[in-house]
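Enquirer: Those protein sequences? They're chains V and A, same order as listed. Residue numbers for the first sequence follow full-length UniProt numbering, so the first one is 1 and each next one is one higher. Residue numbers for the second sequence follow full-length UniProt numbering, so the first one is 1 and each next one is one higher.
Just so you know, these hints were derived from the structure itself, not from any lab. Take the hints with a grain of salt, since some may be wrong.
[Stated by the list, open to error] Which residues of chain A face chain V? A few of them, derived with a C-beta cut under 8 Å, are:
#, residue
1, Trp32
2, Gln33
3, Tyr36
4, Glu64
5, Ser65
6, Asp85
7, Ala86
8, Arg87
9, Ile88
10, Val89
[As the list claims (entries may be wrong)] Below are the DSSO-like pairs computed for lysine-lysine, each with C-alpha atoms no more than 30 Å apart in a straight line:
#, chain 1, residue 1, chain 2, residue 2
11, A, Lys48, V, Lys320
12, V, Lys139, V, Lys159
13, A, Lys142, A, Lys44
14, A, Lys142, V, Lys372
15, V, Lys399, A, Lys44
16, V, Lys188, V, Lys132
17, V, Lys372, A, Lys48
18, A, Lys44, A, Lys139
19, A, Lys77, A, Lys103
20, V, Lys399, A, Lys77
21, A, Lys16, A, Lys142
22, V, Lys320, A, Lys44
23, V, Lys372, A, Lys44
24, A, Lys44, A, Lys16
25, A, Lys139, V, Lys372
26, V, Lys295, V, Lys79
27, V, Lys159, V, Lys132
Since this is a predicted model, take the numbers as computed values, not measurements. Ideal Cβ positions, reconstructed from N, Cα and C, are used throughout, including at glycine.
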Amino acid sequence: MDFPQLRAQFPTLEQTLEGYPLCYLDTAATSQKPKCVIDAMTQYYHKDNANVHRAAHQLSSRATSQYEAVRDQLKGFIKARRREEIIFTHGTTESINMVAHGLMNQIQAGDIILIDTAAHHANIVPWQELAKRSGAIIKPIPLTEDCRLDEQAYKALLKQKPAIVALCHVSNALGTLNPVNHLVAKAKAAGAITLVDGAQAVAHLEVDVQAIDCDFYVFSGHKMYGPTGIGVLYGHFDILDKLEPMMTGGEMIKTVSFDTTEFNILPNRLEAGTPPIAEVIGLGAAIEFIQNLPKAETAQREQQLLTYLQTQLTDLGNIKLYGAHENNIGAVAFNLADEHHQDVGILLDQQGIAVRCGHHCAMPLMQSLAIKGCCRASIGVYTSKEDIDRFIEALTSVKEMLLD
Amino acid sequence: MSSAIQPATETFLALKFDSGEILPRFDNANNWQERYRQIMLLGKTLPKLEDEFRVEQALVRGCESNAWLYHSEIDGKHYFLADSDARIVKGLVALLLTACHGKSADEIAAFDIEAYFDRLGLTGQLSPSRTNGLFALAKAIKTSV
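Same shape as in the complex, but just chain V (with noise of 0.2 Å):
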């Protein structure tokens, strides 16, 4: 499949907005869908909607038989040991609530949790709402100036002995990259629980939960080409095997009378509910895709892309970037000289420009670069070098509307 194919089997990029075609840079946000996933689940709903794990009949039996086949096929995608440590979310946001959740009988009061500065709200929110009820303390692993994890201190912080280290695997608002493999090995060392947020990493990385060695990997479908409403928490077995649920009823339980509930065994233990059948079988679907692409050849275009709108960005003068490094993944932050980052963004939208402009759901991440709030560029596999190209004329006029 060539690029112009590949392109193609995305329906949505082919619009135009008053009279702009869309340049979508928005893919951190979320990505676009390829038809493969519309009809997955298109064709689930068409011909084999029945719920699942109550396979009595043949529908029911259809539905669940592809709903586990996912489960299977995420094992493989991430590379977990059993099939069991796949546990089906609503996102990444559920994900970590449940493991936060969870983990509340292991967390003692004193107890700490070193959370990743560049870490957005869902990586840090549950966590508070943890230690406001075990009387556990957050402390923040904070970044070098040039935005990186600082290992110093962070070498420092686990002396402390932390219970808990969450960290991501890519930073959402500025798309740099952690040496995850070391930082939860070093964690691991110091005896802490280890949560990586992939959100960011999996539709532009190989992920290997067992090279990462991490005790919770977590990740949303529709940030990989998949729909939204579904969500992975990968847990390695003996630890997610401990982890209280957080919902209860529905497909989690073996036996229940009004005296005692038994709970079922993994995974169904952590599913409580309708799962989102439509959704699952959609992200089998944006897993194939993924697979299905030419590796080395596409993560080599992203990457080139990515450097190229970096350089793009600096080339164009008054421009501020923020954490841009050469091995960042599918993410530029920048703020156009001292302008408010939505008068850029509003300007950019009136062009058909689809960028994202705030404070990228991490607050603390803002404060620490003592701005309010920054515009940010992302990619994905359907990018063009003229969606760049497009992107930084239309850059330039704003900066023209702007500054001149």
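Given the coordinates of chain V, assemble chain A onto it according to the supplied hints.
Expert: Relative to chain V, chain A alone:
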């Protein structure tokens, strides 16, 4: 809006909008660039709120940028002072005030904001799903009188 501190009455009265001069500028704008240029130029004419008034209590919620709004009723007419740290929002709020500043409660209640922005060629800017905050600002003005 019901903040303890409030700019002086004279400040409210000193602010004037010449709608007869402002609105035709938009009629004459034949592309979005010109309309947004006019919005930002108009924003520049809106006096800066002093730091002491740029406070949390005066912030209008629902704007991605900070927007502060003050209201005062003087002799049965309603006056406003507003500011924003973003140029376009400041211009948009100035357009709102062009229509509402110094008007009676009845006049403001009868003011059709959507038709007004449609006429200015700014259809869609008033949607609550937009983060420009215009919807929130319009609501704040309407509910303050």
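Enquirer: Is the hinted pair lysine 399 of chain V and lysine 77 of chain A satisfied, with a Cα-Cα distance of at most 30 Å?
Expert: violated, 40 Å
Enquirer: With chain V as the partner, please determine if isoleucine 88 of chain A meets the hint condition of a C-beta pair closer than 8 Å.
Expert: This interface hint holds because 5 Å falls under the 8 Å limit.
Enquirer: CA of lysine 159 of chain V to CA of lysine 132 of chain V, is that 30 Å or under?
Expert: holds, 23 Å
Enquirer: Can the restraint linking lysine 372 of chain V and lysine 48 of chain A be considered satisfied, given a maximum Cα separation of 30 Å?
Expert: Between lysine 372 of chain V and lysine 48 of chain A the Cα gap is close to 19 Å, so the pair holds against 30 Å.
Enquirer: Checking hints one by one. Is tryptophan 32 of chain A an interface residue toward chain V, by the C-beta closer than 8 Å rule?
Expert: holds, 5 Å
Enquirer: Going straight from one Cα to the other, do lysine 44 of chain A and lysine 16 of chain A come out at no more than 30 Å?
Expert: Cα-Cα ~14 Å, so holds.
Enquirer: Taking 30 Å as the top limit, are the C-alpha atoms of lysine 142 of chain A and lysine 372 of chain V close enough?
Expert: Distance of about 29 Å is within 30 Å: holds.
Enquirer: Lysine 142 of chain A and lysine 44 of chain A: Cα distance at most 30 Å?
Expert: holds, 24 Å
Enquirer: Does serine 65 of chain A pass the interface hint, meaning its C-beta sits closer than 8 Å to a C-beta of chain V?
Expert: holds, 5 Å
Enquirer: With chain V as the partner, please determine if aspartate 85 of chain A meets the hint condition of a C-beta pair closer than 8 Å.
Expert: With Cβ-Cβ at 6 Å, under 8 Å, it holds.
Enquirer: Regarding the hint that glutamine 33 of chain A lies at the interface with chain V, is the smallest CB-CB distance below 8 Å?
Expert: holds, 7 Å
Enquirer: Would you check the hint for lysine 372 of chain V and lysine 44 of chain A, treating anything up to 30 Å between C-alpha atoms as holding?
Expert: holds, 21 Å
Figure legend: structure checked against the earlier numbered hints; the only hint not met is number 20.
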